[in-house]
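Q: Read off the chains here:
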Amino acid sequence: MNALLIDHVSKNFGGVQVLSNIFIELEEGKRLAIIGPNGAGKTTLINVISGVLKPSTGRILLFGEDMTRHSPYLRCRKGLSRTFQILSLFPSLTVLESLLLSVMPVRSDQLSLLRPIGMFSHLYHTSQRLLEQVGLWEKREMIVCNLSHGEQKLLEMAMSLSQAPKLMLLDEPMAGLSPGETVLISSVIRSLPSDVAMIIVEHNVDAALELAGRVVVLNQGMILAEGLPHEVRKEPKVQEVYLGTEESWRSWKDFCKKRGELHS
Amino acid sequence: MEFIFLQLFNGISWAMLLFLFTAGFTLIFGLMKIINLTHGSYYLFGAYFGIVVISYAKNLLVTAIIGGIGIAILGMLMQRFLLHRYETSHQTQVLLTFGFTLFFADLALSIWGGEPKTIPVPHLLESSIRLGGLTLPVYRFALILIGLLTAALLWCFLKSKFGMLVRAGIENEEMTAGVGVNISLLKTLTFAGGAFLAGLAGVIGGPVIGVYPGLDMQILLLSLVIVIIGGMGSLKGAFIGSLLVGLIDTFIKALFPTFSLFAIFFIMAVTLVVRPSGLFGSE
Amino acid sequence: MKTFLKTILLFALLGVLPLLLPSYFTGILIRIMILIIFAMSLDLLMGYTGLTPLGHAAFFGISGYTMALLSLKIFHGSMPFIGFAAGIVAAILCAAILGLIVVRTKGVYFMMVTLALGQMFWGLAVKWQQLTGGTDGLAGISRPSITFASLNFSKEINFFYFVLVLFGLSYFIMSLLLGSPFGHTLIGIRENEKKMEILGFNTWLHKYIAYIIAGTFAGLAGMLDVYYYQFVSPEILDIGNSIGALIAVILGGSGRLFGSVIGAALYVCLEQFISAYTQRWVMVVGLLFILVVIFAPLGLSPLLSRLWISMRKPQKNRVGQ
Chain A
27 MNALLIDHVS KNFGGVQVLS NIFIELEEGK RLAIIGPNGA GKTTLINVIS GVLKPSTGRI
87 LLFGEDMTRH SPYLRCRKGL SRTFQILSLF PSLTVLESLL LSVMPVRSDQ LSLLRPIGMF
147 SHLYHTSQRL LEQVGLWEKR EMIVCNLSHG EQKLLEMAMS LSQAPKLMLL DEPMAGLSPG
207 ETVLISSVIR SLPSDVAMII VEHNVDAALE LAGRVVVLNQ GMILAEGLPH EVRKEPKVQE
267 VYLGTEESWR SWKDFCKKRG ELHS
Chain B
438 MEFIFLQLFN GISWAMLLFL FTAGFTLIFG LMKIINLTHG SYYLFGAYFG IVVISYAKNL
498 LVTAIIGGIG IAILGMLMQR FLLHRYETSH QTQVLLTFGF TLFFADLALS IWGGEPKTIP
558 VPHLLESSIR LGGLTLPVYR FALILIGLLT AALLWCFLKS KFGMLVRAGI ENEEMTAGVG
618 VNISLLKTLT FAGGAFLAGL AGVIGGPVIG VYPGLDMQIL LLSLVIVIIG GMGSLKGAFI
678 GSLLVGLIDT FIKALFPTFS LFAIFFIMAV TLVVRPSGLF GSE
Chain C
55 MKTFLKTILL FALLGVLPLL LPSYFTGILI RIMILIIFAM SLDLLMGYTG LTPLGHAAFF
115 GISGYTMALL SLKIFHGSMP FIGFAAGIVA AILCAAILGL IVVRTKGVYF MMVTLALGQM
175 FWGLAVKWQQ LTGGTDGLAG ISRPSITFAS LNFSKEINFF YFVLVLFGLS YFIMSLLLGS
235 PFGHTLIGIR ENEKKMEILG FNTWLHKYIA YIIAGTFAGL AGMLDVYYYQ FVSPEILDIG
295 NSIGALIAVI LGGSGRLFGS VIGAALYVCL EQFISAYTQR WVMVVGLLFI LVVIFAPLGL
355 SPLLSRLWIS MRKPQKNRVG Q
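Protein chains in written order, with this note's numbering: chain A, 27 to 290; chain B, 438 to 720; chain C, 55 to 375.
FYI, nobody ran anything at the bench for these hints, they're computed from the structure. Just so it is clear, the structure is predicted and the values come from calculations on it, not from any experiment. A hint or two may mislead.
What the hints assert, rightly or not - Listed next, with one range per pair, are the computed distances between beta-carbon atoms: (1) Met248/A / Lys596/B: 27 to 37 Å; (2) Leu147/C / Lys596/B: 27 to 37 Å; (3) Asn619/B / Leu345/C: 25 to 35 Å.
Even for Gly, the Cβ is constructed at its ideal location relative to N, Cα and C.
Using the sequences and the accompanying hints, generate a full structural model.
A: If you want it as structure tokens, here you go:
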């Protein structure tokens, strides 16, 4: 069964066509990278998948179920989680408080009205485990807005893991990170259980391709190319789009060379 | 049948007065996203100014313009020296205008007392027209005319070069400022314009609905319902919404006066449930 | 545990105060307690959920009028607790129905819609003269009494203890509520609703429940207010009343339960003091509100600490404590 099926999805905002006829199948446990130049519609696509936006046409199926009209919180209960490109956190809460909120089990304890939160020790245990996984346990009492950018990204990652998702949407997880922090995030992503399907939207083409087995190239709201990294690279349309960005083009070449897939 | 036509006539003239007032509110929200709750106080003060001025000016039109200008100045001062500082927080701006509502309401009470007052209908428009079996005051015809005229003027204005600047400013402030437009001045002028309409409406509404404490909140309430139904920031919505609210209010008041508020509540509730952004509003 | 003991101590102190102070102060203390309940209900929405209602006095008045009408027109003074219960039910019902319309909106739009609703109720109270007596209001409402225990609350000091018990209960329930997972979810919604949705919370439901709870406590405060003055008029539905509660919440520091206590006490004391010098207390309230919003949006504490340049604990309530 597909973890995710984006079935001919289009999205327009009052006359501006942002996504056109997107069709993507993602099997369970598989990892997909979505790359493309700025304004290609990558974040819009993530917003449509996670339910923040509803598509103008087409369907979104999560694990076989049509979730097109469903709110974000229902998709979370289906096993979806996402991180935000522009960090979306709880600015005046502490790291630990943020996690406590994230790990509150979706059904039972949420509406507990009168028992003090201190009595829910399993929330604290799970929060600790997740924070240790990303290396933020020592900083648990820090106020979120005082964390460094990299630490905030790690927090975001920890929060997105809290509901044991089966499909993760990572929207530019490496954006704005130092090389050291990038390595840390990459290792966290790599260490995720193999049955978790993943979509990574990234500008850092190198990093995205390290983590994903398949690539979709988006341009101007349409799928330009799709397939294994080295295949996609050879497509002339893709080369045209990336010709402008020397660095990512070069890094892609280097990457393919490293993987021994570039023969000329 | 006559009854229906009479209520229709009254309803439309009431709607036009409401539109005049609400248009000002919508202008202010449209450009600055400020929900100016003081707008009702502007109406009330405009009306009270009108009562004072008319004894000297003797001419309702002149009084209305003077009243409008007076309120425009008040609005400009409020916007420039206070609201402007809180541009980033719409919530704070609403709270501030809310506080001013209370302040102005009691100020008006202390200055002019609690007795209801009225502005005399100008001599020229005192007569009535007989249509069918009905006697229709000419003044209400004048109101309808003024409402339609204002709607037409505003529509032209928005399509004009100045109007385009205003709309561009709404869309993208930085860009508009980047091409040399003094956005800050534009905002102050727009706020003044909106306040002017409220003050003007206060004066010309005087002969029809009078002037009394509590009027500020009553008319504000109707305006809020109008923009909820019509859509925030939409002049077209304000026009249609005013017609709807004006007509419904008039009809229900004629039939079941105590329950006119229920009718207003009902249409507001239906709108919020079925189409929360209003008829012409954007999400 | 420490805070629990401290709170019990404070309540005990409060209970003893009217016996120590001249009887003039009993009335003031009653009014403070009523305003605290009202302010707490407002802060539940404002400081915790992040929704600021501008017409919160509507629930204050709905319960007040319901209780007054029942006890005056139907029961003629007997069985006062039925009126009391009816007032609570009225608040819950109204909040449940209005909540369906109102809780779908957010931010300034929410402020606008709640104001419109509040004004409608005020207008209704004024217009429906047959029922509500219009601007003249309804007088002669008798306070409840527990006849089998021969407890009569018409005496102010007895009424004080009646209010004290209800205040204590309200404060206790509020603290439990805000310390529970539900309470923390509200804080999360205040901080970042979109994120809470992504994390799997049905934020609408949480806001709706909070709205109903807030309306209920506001209704309780309203009834106590009507019992105290033994009179009800459209004034309790007026924006002045809503603004008074807003001042109490903001001045005391929103997002902190004890803030409502401080803010309410300050407000009532200010009212007592300033009303002695001027008739135009309403104008002062409007000005005061403006000043509070400008200079003390985070409460008096930060204002004072800014003046004294000292380190203070963050204002907003914490998750997990």
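Q: Confirm or reject each hint.
A: Hints versus structure:
no.	hint	result
1	Met248/A / Lys596/B: 27 to 37 Å	holds (35 Å)
2	Leu147/C / Lys596/B: 27 to 37 Å	violated (49 Å)
3	Asn619/B / Leu345/C: 25 to 35 Å	holds (31 Å)
Going through the hint list in order, the structure does not satisfy hint 2, though it satisfies all others.
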